[in-house]
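J.: Residue strings, one per chain:
There are 2 protein chains.
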Amino acid sequence: MKRRDFIKTASIGGLATTATLLAPSIAEAKAEFKWKMVTAWPKNFPGLGTNANLLAKMITEMSNGRISLKVYGANELIPAFEVFDAVSNGTAQMGHAGAYYWKGKSEATQFFSSIPFGLSGQEMNAWLYYGGGMELWREVYKPFGLIPAATGNSGTQMAGWFNREIKSMADLKGLKMRIPGLGGEALRRAGGTIVNIPGGELFTALQSGTLDATEWVGPYNDLAFGLHKAAKYYYYPGWHEPGSTIEAMINEKAFNALPKDLQQIVLVACKAANMDMLSEYTARNNQALDTLINKHKVKLLPLPDEVLKNLKKLSEEVVLELVAKDPLSKKIYASVSQFRDQVSHWSEISEQAFFKARSL
Amino acid sequence: MKRRDFIKTASIGGLATTATLLAPSIAEAKAEFKWKMVTAWPKNFPGLGTNANLLAKMITEMSNGRISLKVYGANELIPAFEVFDAVSNGTAQMGHAGAYYWKGKSEATQFFSSIPFGLSGQEMNAWLYYGGGMELWREVYKPFGLIPAATGNSGTQMAGWFNREIKSMADLKGLKMRIPGLGGEALRRAGGTIVNIPGGELFTALQSGTLDATEWVGPYNDLAFGLHKAAKYYYYPGWHEPGSTIEAMINEKAFNALPKDLQQIVLVACKAANMDMLSEYTARNNQALDTLINKHKVKLLPLPDEVLKNLKKLSEEVVLELVAKDPLSKKIYASVSQFRDQVSHWSEISEQAFFKARSL
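Line order of the protein sequences matches chains W and S. Quick note: the first sequence uses the numbering used here, first residue 1, plus one each step. Quick note: the second sequence uses the numbering used here, first residue 1, plus one each step.
Don't take each hint at face value.
Put simply, identical chains are the same to the list, so a pair is met inside one copy or across any two.
25 Å max Cα-Cα, derived DMTMM-like pairs, lysine to aspartate or glutamate [to be verified]:
(1) Lys312 - Glu348
(2) Lys330 - Asp290
(3) Lys356 - Asp305
(4) Lys260 - Glu139
(5) Lys356 - Glu185
(6) Lys356 - Glu317
(7) Lys232 - Glu107
(8) Lys297 - Glu348
(9) Lys260 - Glu61
(10) Lys173 - Glu135
(11) Lys167 - Glu185
(12) Lys260 - Glu32
(13) Lys313 - Glu348
(14) Lys30 - Asp261
(15) Lys295 - Glu348
(16) Lys309 - Glu321
(17) Lys325 - Glu139
(18) Lys356 - Glu306
(19) Lys34 - Asp341
(20) Lys57 - Asp261
(21) Lys70 - Asp290
(22) Lys297 - Glu165
(23) Lys313 - Asp171
Just so you know, these hints were derived from the structure itself, not from any lab.
Extracted from the complex, chain W is given alone in its bound form:
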């Protein structure tokens, strides 16, 4: 219902009667700030699109409707890869995406999603909130009039679906794989051919042989796409995306126009949504993995140590080249790599040692 129609109805039917029936319209009518949130995902996409919905809901409810937030799926208002520009130029006030999509704007953005052999989800949040990561992220987005926030994390992803068994580095030669970002560049250096294909076309591409392999996210999202029907082997771990942060970006002018209480509501909602997503993926990946293995009899395999060791070497090469040519990336890498060195040791004697003890 448009605002004009609502006012007309209200004046005919009497406000008291129509108020209950028209609650959503009233909420929108009384909103002091009508915001749009553009996302890089299909509307309601499990885990990602639903997190954008949750974020909008929390902000609207906590502000008692003073901010109304309309969520747009990819291509509803703008295409997925225009989220950054749309929020930067004020077409929308908020965006919901992944920072590594914007490497064309600044190479340094990639450090705020996930880097190969970098940080797990929990470690990534530790770096962002307590290791200086957020300050650096704000510095990278500032020239674009954007304020970044972490609003989710996928946790450690899977290495992907393969129609070729990977026993050694030789098996990566000529492998046609969909794998984006720095991890993709590492695989290219291992002899693979990188093919760029949108998520929705992965199933067909695997079936037709356009792809020999693809990564996507993890069991929860992969099961929904039916990728197990088009590939023979499901490999782990997700060396290329060990804990990918999902971002909310906010137009700086729109943010500054909010009173302090609403600014806090927006930022705290992002932090709560971040907790929510990692919890959701941890719980649902686990349920989906169970279904894939026990119901669909998926063949689950680890990448051999020798392959992982080589991919790690190639990944470091790729990251160091990036760092050498971009001063901002250099500064961020210094922070994140020092953090990784320390946190690796802590994770080894805490979570990792506990997981081992639990399985004895």
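Chain S: place on chain W using the hints.
T.: Same frame as chain W, but now just chain S:
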């Protein structure tokens, strides 16, 4: 400044001038809901007390001062172990503590902190938010007029500080150790003697030989207590508390008296504080561990597999006995143990496999 003084000053100096200087008093004066938050920690205690402060700050700021929240350290208003009763009977509107302190009220509360060989911090949040845990927790607290929320997690703790080397189960015999809860009962069955000593007295008790060993939290909190100066060995992993949830409890009547927007603000703030604490411990444990090892030359040791395997068996025995005598515990254990079985497999091929790959 008291409210009376503020009103006096304001009427003399003119509201416009004094408003800026007296902002906190104004905030308190205009609050629609003046709440007290009692905590089980010393005021401003790192990680725990500071999380209570952060939670209060977020609620006050997001509500634009409509809720004012005064935080009390242990013994300021009531002793630490009276938090549950104080919030239940309305002396305070909120509490900040650990659910396993209340096993005297209901044995089932223990499942909402941490159980030996149970869930890591991330897995615990997954169970609470997406595995049915919160619904069960609300059921346990309902008869006491309380609404529970997770507001933090310590992550995997350390096994503790020892003045006796642990090479086999025989070394646990006669060991005088401070270790509470179900883990303590498991250690007692291994031949240990459980000594109950408050945190602040651990250092002296270790030095005097009243204790042979103690667990506390992890490097960040342990370093602050100086425990490395009173014990020879620092053991890992924290099998007895692999991911302890910190709780916020809310008086149900006080919560129901809030309008919907303020109810949401309270609950979302808890979820954001939960994200904050696990991030803080992950980052700061790691820094503190570095200091302990490199500066204080602490001897860091893993508990032997044989000891962990036996403690696991004894812990299961303890939990199953609890479950056999308490129907509510039985229902919760069915949920959490099924979740653990599945999530263990997921963690093994995601985080655990990634940590291993990173260290190759």
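J.: Checking each numbered hint in turn, tell me which of them this model violates, lowest number first.
T.: Hints 7, 10, 19 and 21 contradicted; others consistent.
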